[in-house]
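Let the sequences and hints guide you as you build the complete structure.
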Amino acid sequence: MTARSIRVALVWLFVLAGGCSSPVSPDGAEAAGSGSGAAAEMASLTNTERQRAGLAPFTVSPLLMRAAQLHADQMASLGQMAHVLPGARYPEPDDRLAAVGYKWQAYAENVAYGQGSPASAISSWMGSSGHRANILNAGLKELGTAVAHGSDGRPYWVQVFGSPR
0 MTARSIRVAL
10 VWLFVLAGGC
20 SSPVSPDGAE
30 AAGSGSGAAA
40 EMASLTNTER
50 QRAGLAPFTV
60 SPLLMRAAQL
70 HADQMASLGQ
80 MAHVLPGARY
90 PEPDDRLAAV
100 GYKWQAYAEN
110 VAYGQGSPAS
120 AISSWMGSSG
130 HRANILNAGL
140 KELGTAVAHG
150 SDGRPYWVQV
160 FGSPR
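The letter at position 111 of the sequence shown is residue 110 when you use numbering that gives the first Met the number 0, and the numbering goes up by one with no holes.
The set of hints was computed from the structure by calculation and includes no laboratory data. Mixed in with the good hints, there may be bad ones.
To be verified - Using 20 Å as the maximum straight-line C-alpha spacing, the simulated EDC-like pairs for lysine to aspartate or glutamate come out as follows:
hint, residue 1, residue 2
1, K102, E141
2, K102, E91
3, K140, E40
4, K140, D93
5, K102, E40
Computed from a predicted model, the values in this text were never measured in an experiment.
Structure (structure tokens):
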């Protein structure tokens, strides 16, 4: 399997799951009251799962944090959970990574909707073989996490994993 086919297979994985955030621009400017605490907790919980599996923790990447927030905000504003959002400013994962200037050799993405806490979102992902594979992928080295609320108040969660070029 080629690196591109692995990336494509991983990117299409998604699960229904659940946060709180304000919009962030590609340059990283966040509005007051953002969900950065929930995003930081999600990153910590993700690294706990990796350490339980005997893997090195992810390095939290500011660029991947911005890419994750872009996607969480887009999903929340459109009221739709998906890896690809036709009509959005950054419809594809490649578009979001390019918007923040992340140069990757590999990436993967987990998205979720509706879970009430970072722990619930992580638990849902760990219960799904594809999402668990992303979290425990030893070839991915960096992580970005985000959460945003839709107009109905329900949270949209995002994890973006990468290995830089």
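Hints, verified against the model:
no.: 1; hint: K102 x E141; verdict: 12 Å, holds
no.: 2; hint: K102 x E91; verdict: 15 Å, holds
no.: 3; hint: K140 x E40; verdict: 18 Å, holds
no.: 4; hint: K140 x D93; verdict: 18 Å, holds
no.: 5; hint: K102 x E40; verdict: 25 Å, violated
Figure legend: structure checked against the earlier numbered hints; the only hint not met is number 5.
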